[in-house]
Amino acid sequence: MWLTSIDRDTEFSIFDLADLREIMDERGWLYGVLANSDGDLRDIGTWNEQVAEFQPGSTEADPWHGYPKWPVDEIGPPNRRKPKCRPTRVVFDRMVAVGMISPLQRKRLLNGRHA
Amino acid sequence: MNPVVLPDDPAGAFRRFHLSDFEVSWAGPNPVGEGFCLGSEDGRIRFTDTQLTYQGEIKGVSASGEAVNGVAHSQQWTAVTTRADVNLISRPKAEGLHEAIAIPVGAFGVTVASSGHFVVPLGRGGIMYVKPGSGPEDPVPVGGTEKAGLNVCRVLPLPGQDGTDLIVCAGRAGGVGMTTFREGVGNYSLSTLRVDGLDVVDVCLLGARENRFAVSAVGRDGTLIIFRDILYDRSPRTIKFRSVRGTVYRILSSQGHVFLLTSKGLFVLARLAERLAGDILLEKFNTDVLPLQVAAADANLVGERWLVAVGVGEVLRFDLQKMPPPDTQTQEDRNGLVHLTTAPWMESRIEQSMQHLAATG
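For the record, the sequence lines run as chains A and B. Position 7 (the first sequence) corresponds to 7 in the numbering used here; numbering is contiguous. Position 264 (the second sequence) corresponds to 264 in the numbering used here; numbering is contiguous.
Looking at chain B on its own, in the form it has when it is part of the complex (with noise of 0.2 Å):
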């Protein structure tokens, strides 16, 4: 199947934005309105709007001045992760200085949960929890994960019962885990779901409302794992379309679309997502896939309209009220999808306590 090659177009569904200044590593929402934040290879975090216009910028805001692989906004705090430390930054106060702590351990992303805590996968050290406005004296809670054989890469907090948060997440070859978090209670259950050979890279939500515990895992070779209740399905469905190549890097999900990047492209999954959170049977629909000629290291949605990706170089912007309409596809890609027989899943149940890490001022 050939990519399809999007025309750069102000006015159409992508544009290529070339920073000459700002060796982008990260993309995604800026948390004080519309439009983006970046992070670079040299530690710098920038806000654009949605034209990559400059509208500000902070230096060093990683300790180590490493590459940005993560920000997050929570209340007046802003988390910067790098794979040597995580960060958390205040609002600039009143004489314009920004209030900082680090801690110094590597990070591969970060997130917002339902209850504020900035949740910060660790691969194999983890998922750590970050309350904004901790101090340097403060204790911060990590969840260890080694023991169940998780190499955290993805985390994916959703709001649990009780004002708990339920946090899913991608944990390579030990599969997907999910456990709790709830400021103030230090032991913790983590489970886990995993098929020999199968290294889960990435998580994503795909339902609403009633569905909102749906919940798409997917695989390197790009096989998806598809929970219709997070919390109760022990038997996920495996699906895999012909057409996806590549190493998968990302899923992503909106509008009812499933977005696969990876190193061969961008794959739109057109309507899978409502299809796959609702009730609809996978074997009483035909998908349409659309390959697009991407090249880029990371994505990231911002709101309901914009998919960000990362290039060498330059910032991909991705309209997706404005994507082409999937029905071009050809009979071949319709009928790509592929369901798996699995070995049986294998599932884990640990009790383990918190442990506590110190930041630095």
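In isolation and in its complexed conformation, chain A is listed as follows (with noise of 0.2 Å):
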């Protein structure tokens, strides 16, 4: 879930750079981080995600749907674990790439934690 403090204009903004820099993984699903002045990232979700993910809708005429990711899996009930709840490295590759993050916030990413 988002956090109340980002509105619609900054969800739209974090989606808008992910789709400009073609930040997608192998199904073509945005990605995008939102950073501080400082460079740091922000947490964008209740659960301290700094990531979010966007999906296309079921149709193209659909809008895409987007939320924070938690960077790692999730645990749940067998029957309805989500087997992979994290961003692809491909990803964190593709957003240090373009310097949307530096090498060091991809590192701290792929291990779950926060940058």
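The set of hints was computed from the structure by calculation and includes no laboratory data. Hints are not guaranteed to be accurate.
[Said to hold, decoys possible] Okay, derived cross-link-like pairs now, SDA-like style, lysine to any residue, Cα gap no bigger than 25 Å in a straight line:
#1 K264(B) / D40(A)
#2 K69(A) / N36(A)
#3 K147(B) / Q352(B)
#4 K69(A) / A63(B)
#5 K59(B) / L301(B)
#6 K84(A) / P139(B)
#7 K93(B) / Q55(B)
#8 K131(B) / S115(B)
#9 K59(B) / T88(A)
#10 K264(B) / G39(A)
#11 K59(B) / P103(A)
#12 K84(A) / A358(B)
#13 K69(A) / G65(B)
#14 K131(B) / V302(B)
#15 K84(A) / R27(A)
Take the two lone chains and join them into the complex the hints point to.
Spelled out as structure tokens, the structure:
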């Protein structure tokens, strides 16, 4: 769930930059982060998520849907556990390549830690 | 305050080791002797001596191939965690093969409790306790923390009473948590202490012997939360140093010092641990802060002597016995202590039952 401090404009700006920089995984889903003026990443979700995932609608006419993405696989009942709740490595590699995050922040996020 | 750059000196306090064939994601103690253990971004672990000389490697320790974010050793088993799984690997059998199981849940690291159990922080999923040698069919207990609002990112196991493990944890906005674990006991209580706006990211032991329950947690903004006795202290003191900059990643304590790894460097708070763990009032002393120019994502202590940090393409090794004397700092740094006035601590306590997860072979 998005933090209440992340308004729709901010949410859209994260999406917009992800789209512009083509920060996507193998499925074409987009990913973005929000940095503060110091370059450190801000939390965007109520459980300290720092990466947003945006998935397309079921048809091309449907809008994209975005939400804060947990950097690690979550625990859950075996019948409801999502096998991959984490953005893949290529997403973070792409973020470094376009200067969205630093190599050190990539390393932190790859370990599931705050950056 | 200008950061201090330590020279890369084989005989000095600081050495930088570039690794061309191993992108390190974690560094800590070697389970089989003096030296280090390294985890890689592609799910390997490597053993080295203190000069980072190769001594052995295990490939494929992570079932997912994800970056290793924690390694711990207990009895004849090694636990390796990633953001996708928790893996248990035995010491090699006679035929040279390792026995291994994987638990498909993301973790933030792993430590060992005095009972020998691996203690694994699972974020909002809680705290998992894995017995060394657990088989694929054995249920693995998990103490949930979500109801208490804890997002457990680091744990500090301490010896409790009557063979019980006391578990202190950093729970982000949920604050500092404390619970107990004892094998076979299905119910547990979880107490938390939090202040609005304080994001608790790590916790470490300050004291020893008679002060063995002196603990410090740390906020992401550098706020130290000092418990003289974690069992009884319900209004911990909070302090912050003006010269500590950046987002805090790690707090460690050794040789009476406190070390803060942040996004802006490694800050040595000289003799702070020995003073905080003792009976000296905070107002009665100054603390020298040594800001070291370091770019590292994580760090761990190895014994009493070494601090190893994970850089990009390199491992940074600090010899704590050779660190520069703290009295080289300026008066401005010495007076950098800020006593924070925090809102009243909010305390909660819940009673819960353990859940159980299953491993896979």
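query: Which of the stated hints cannot be reconciled with the structure, identified by number in ascending sequence?
result: Of the numbered hints given earlier, the structure breaks none, since each of them holds.
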